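Residue numbers (our numbering), protein chains in the order written: chain A, 1 to 454; chain B, 1 to 454.
No wet-lab data here; the hints were simulated from the structure. Worth double-checking, as some hints may not be accurate.
For chains that are exact copies, the list does not tell them apart, and a pair is met inside one copy or across any two.
[Said to hold, decoys possible] Only pairs whose alpha carbons sit at most 25 Å apart, straight line, appear in this in silico DSS-like list of lysine-lysine: (1) Lys449 / Lys402; (2) Lys92 / Lys126; (3) Lys77 / Lys92; (4) Lys354 / Lys77; (5) Lys192 / Lys126; (6) Lys192 / Lys400; (7) Lys126 / Lys38; (8) Lys354 / Lys196; (9) Lys192 / Lys402; (10) Lys354 / Lys28; (11) Lys39 / Lys408; (12) Lys92 / Lys5; (13) Lys39 / Lys92; (14) Lys92 / Lys192; (15) Lys28 / Lys290; (16) Lys126 / Lys5; (17) Lys39 / Lys449; (18) Lys28 / Lys77; (19) Lys192 / Lys38; (20) Lys249 / Lys5; (21) Lys249 / Lys77; (22) Lys5 / Lys28; (23) Lys449 / Lys5; (24) Lys287 / Lys196.
The model shown is predicted, which means the values in this text are computed figures rather than measured ones.
Protein chains: 2
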Amino acid sequence: MERQKRFFLEENAIPRQWYNIVADMKTKPLPMLNPVTKKPMTLDDMTPIFNRACSEQELNTTDAWIDIPEQVYEMYKNYRSTPLVRAYGLEKALGTPAHIYFKNESVSPIGSHKLNSALAQAYYCKQEGVTNITTETGAGQWGAALSYAARAFGLELAVFMVKVSYEQKPYRRSIMQTFGAQVIASPSMSTKVGRKILTETPNYRGSLGTAISEAVELAMQTPNCKYVLGSVLNHVTLHQTIIGLEAEKQMEMAGEYPDVVIGCFGGGSNFGGISFPFMRHTIIDGKDTKFIAAEPASCPKLTRGVFQYDFGDEAGLTPMMPMFTLGHDFAPAHIHAGGLRYHGAGTIVSQLIKDGYMEGMDIPQLESFQAATLFAQSEGIIPAPESAHAIAATIREALKAKEEGVQKNILFCLSGHGLIDMTAYDQYNAGDLTNYDLPQEVIDQNVAKLEKLV
Amino acid sequence: MERQKRFFLEENAIPRQWYNIVADMKTKPLPMLNPVTKKPMTLDDMTPIFNRACSEQELNTTDAWIDIPEQVYEMYKNYRSTPLVRAYGLEKALGTPAHIYFKNESVSPIGSHKLNSALAQAYYCKQEGVTNITTETGAGQWGAALSYAARAFGLELAVFMVKVSYEQKPYRRSIMQTFGAQVIASPSMSTKVGRKILTETPNYRGSLGTAISEAVELAMQTPNCKYVLGSVLNHVTLHQTIIGLEAEKQMEMAGEYPDVVIGCFGGGSNFGGISFPFMRHTIIDGKDTKFIAAEPASCPKLTRGVFQYDFGDEAGLTPMMPMFTLGHDFAPAHIHAGGLRYHGAGTIVSQLIKDGYMEGMDIPQLESFQAATLFAQSEGIIPAPESAHAIAATIREALKAKEEGVQKNILFCLSGHGLIDMTAYDQYNAGDLTNYDLPQEVIDQNVAKLEKLV
């Protein structure tokens with residue numbers, strides 16, 4: 001390990017607006033469609049499920065900058081700015097000429113970037129008189145963040161936690177409960193969707209798609225209740241741009257600009273958060289930056305999926321989105337990076353990848369833990385299994401820079417720490433983890449069921 | 001939850017020296033005694049077990065300020081200064097006129113204050129050509145910190161982890177292993193001491209006293225190996241004074257001075273760390289500050305122990321120390337605050353309590369978790385079960401201020417977070433935790449075996 005160099009912003013330099021990249025995109029994403037009428041989603045279609053402010057943000061294609069509400073901004077200051085760190089230890093361990101920086105979102109009180117959107121969404125719900133909210137969570141990072149935010153703004157929260165994560169990561173369940181949330185393993189008997197799945201496949205251990213279906217169903221059947229989502233949708237990524245906006249200022253403090261920007265990719269919230277503010281300079285100023293979304297090889301929608309309209313959830317309750325997808329009933333392998341076990345990619349990142357602005361990179365599970373261990377031993381922080389994918393991609397790029405003998409600036413988002421994921425590290429250290437092969441037929445069969453793009 | 005107010009130091013304002021309170025104490029602690037000769041410990045007695053620099057610090061009664069080595073200082077900057085936080089949320093939840101501040105040591109990469117001394121001790125060992133080190137750990141906070149520090153300075157580490165914690169907190173074991181340390185449940189079959197105990201009481205689940213005996217024995221039998229301790233001794237508390245020295249400057253930034261300073265108390269490392277720099281102003285400038293060491297009611301050496309010479313470990317391998325103790329073979333109840341399950345108090349704090357400068361306060365286990373939950377829900381940080389004792393004491397003081405209608409400034413040390421202790425919260429939430437009554441006879445029987453003070 002080495003001395004790290006850390007860059008913080010002065011309190012009054014923390015950005016006061018989020019960045020809405022859609023306003024600057026040359027080719028806008030195709031519209032989301034109402035799942036019943038198949039017509040573009042309107043505000044009236046959105047508001048039965050989501051709060052009005054987030055619905056407006058979701059459909060906003062014209063305003064590049066959205067003010068952060070004062071109360072959200074105040075709560076941000078409880079943990080922001082997060083440090084931008086020059087990773088000398090990792091550079092030395094790799095012997096690379098690359099300069100490696102990471103934006104450390106793991107320092108938030110719940111250990112990940114998820115709080116950035118949780119606080120915003122909880123605030124808007126409270127402002128609109130909502131009393132109850134529902135959500136889904138995979139590994140539990142989002143659920144833990146929303147439990148904190150719901151407590152902060154005085155809302156009752158029910159969390160559907162993917163059953164395999166509920167079993168793998170009991171500590172995250174406890175954290176949510178300690179903050180006062182109700183946590184239900186999904187699929188559950190609490191919803192029609194859940195009961196149907198459990199009847200047909202009693203041993204199914206869940207997916208984010210299923211948990212979303214359950215959370216949406218419960219929200220629609222509960223008075224004064226809204227559904228709240230931790231990733232995928234535009235307004236969530238919008239809130240997460242605080243990450244990249246801070247990083248931009250902090251890279252300036254370091255006197256450098258990234259040649260490569262990397263985030264792990266599940267639904268796109270931390271990847272969009274770190275990358276969109278830099279992408280802005282690619283779109284507007286023509287900066288030559290490489291953007292890499294690091295996804296698990298076992299759930300490779302960006303590298304092996306198709307660009308199609310698809311549902312955001314298993315049961316088809318959400319709007320249809322034009323995106324890279326493996327099909328909404330794709331059942332991902334039980335990898336420990338629970339937050340990356342999602343079939344689709346969100347519309348903005350999908351469009352940007354389609355247009356050649358960004359690329360996916362698929363990382364096998366074992367490579368992710370090898371990278372995570374090297375990072376822990378060289379930088380002293382144990383990363384979340386999700387973030388480990390970004391580290392693995394960073395290491396690939398840093399070693400390429402070494403081979404080529406070029407000095408590159410690589411920036412990645414350390415979306416969360418892995419202190420609650422130590423079971424995964426135990427299994428890795430014991431040699432009990434495997435990679436998962438995903439036969440092409442499985443993908444082909446799944447995507448064959450999707451409707452063609454309109 | 002409310003907006004917290006956080007105070008950070010500029011990087012060049014981080015203190016460059018530790019504070020050695022012994023130099024300023026009007027009545028010095030009685031000397032430690034060689035366990036064999038019963039004569040005051042000399043440097044030559046210390047160095048077979050400890051590195052030379054720490055041995056010198058241990059015996060230093062004249063220099064009030066000790067330089068922090070440059071390489072340790074550089075590593076401190078990876079996480080320091082830690083924030084001083086005004087806890088508006090907790091104040092509001094209690095409806096108290098008191099101003100509550102906490103020094104948040106949980107933000108260190110391993111989640112507690114323990115890194116402050118781990119880095120220093122690992123550095124000194126490395127400087128002196130040591131290749132291997134051994135230590136004990138209770139809840140695992142110290143072991144995790146030393147694993148990080150050993151990795152940072154390139155040392156091989158063996159950790160004896162108290163068996164009950166090894167079982168209760170498997171994630172901390174994994175963290176140590178991920179950093180590359182070897183972890184052994186204590187009592188173990190790896191040492192003579194361990195084998196004897198396991199033969200006599202096969203189901204004994206360990207104590208810090210036993211783990212220390214094992215670690216010392218292994219260090220003495222391994223070439224080029226030193227023993228390293230996480231609390232109790234003067235040099236450890238010395239390294240931890242960085243906490244209070246920073247807090248002093250940060251309280252100045254807040255424009256206030258504490259009327260009450262509180263820390264949880266196991267061996268005294270975080271309590272000494274936060275309190276000694278303020279105690280300096282009590283000793284030298286006559287400031288009127290109340291110092292409270294919050295200990296578990298089930299291991300109450302400060303409130304119900306005796307001031308006697310006693311060993312630091314179960315087997316009698318360590319020097320004898322004049323201190324408040326429950327007797328070195330006291331077997332504490334299996335509370336979740338594993339770091340507080342220690343029979344003795346260290347010589348400095350013991351002398352200061354004896355002289356009326358400080359006081360102990362005993363906190364039942366259930367009260368500690370009730371306080372921890374209120375803190376989590378009002379401040380958004382889940383505290384370690386150890387730190388929860390400091391929070392409980394803070395709440396008592398804040399409610400007293402409310403009753404009396406006086407505005408007081410209360411400062412406590414949040415020594416660590418509890419993200420890896422969620423099993424304990426689960427049991428608390430399920431109603432499965434209890435308090436532990438400790439009959440006076442048990443204490444009396446234990447301390448009756450001790451030698452009288454010389």
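Evaluated hints:
no.	hint	verdict
1	Lys449 / Lys402	neither (44 Å within a copy, 66 Å between copies)
2	Lys92 / Lys126	between (48 Å within a copy, 20 Å between copies)
3	Lys77 / Lys92	between (33 Å within a copy, 19 Å between copies)
4	Lys354 / Lys77	neither (36 Å within a copy, 43 Å between copies)
5	Lys192 / Lys126	neither (28 Å within a copy, 63 Å between copies)
6	Lys192 / Lys400	neither (50 Å within a copy, 52 Å between copies)
7	Lys126 / Lys38	neither (31 Å within a copy, 68 Å between copies)
8	Lys354 / Lys196	neither (36 Å within a copy, 69 Å between copies)
9	Lys192 / Lys402	neither (54 Å within a copy, 51 Å between copies)
10	Lys354 / Lys28	within (11 Å within a copy, 74 Å between copies)
11	Lys39 / Lys408	neither (45 Å within a copy, 62 Å between copies)
12	Lys92 / Lys5	within (14 Å within a copy, 37 Å between copies)
13	Lys39 / Lys92	neither (54 Å within a copy, 49 Å between copies)
14	Lys92 / Lys192	neither (54 Å within a copy, 42 Å between copies)
15	Lys28 / Lys290	within (20 Å within a copy, 64 Å between copies)
16	Lys126 / Lys5	between (39 Å within a copy, 23 Å between copies)
17	Lys39 / Lys449	within (20 Å within a copy, 85 Å between copies)
18	Lys28 / Lys77	neither (33 Å within a copy, 44 Å between copies)
19	Lys192 / Lys38	within (23 Å within a copy, 75 Å between copies)
20	Lys249 / Lys5	both (15 Å within a copy, 23 Å between copies)
21	Lys249 / Lys77	both (16 Å within a copy, 21 Å between copies)
22	Lys5 / Lys28	neither (38 Å within a copy, 41 Å between copies)
23	Lys449 / Lys5	neither (50 Å within a copy, 53 Å between copies)
24	Lys287 / Lys196	neither (50 Å within a copy, 69 Å between copies)
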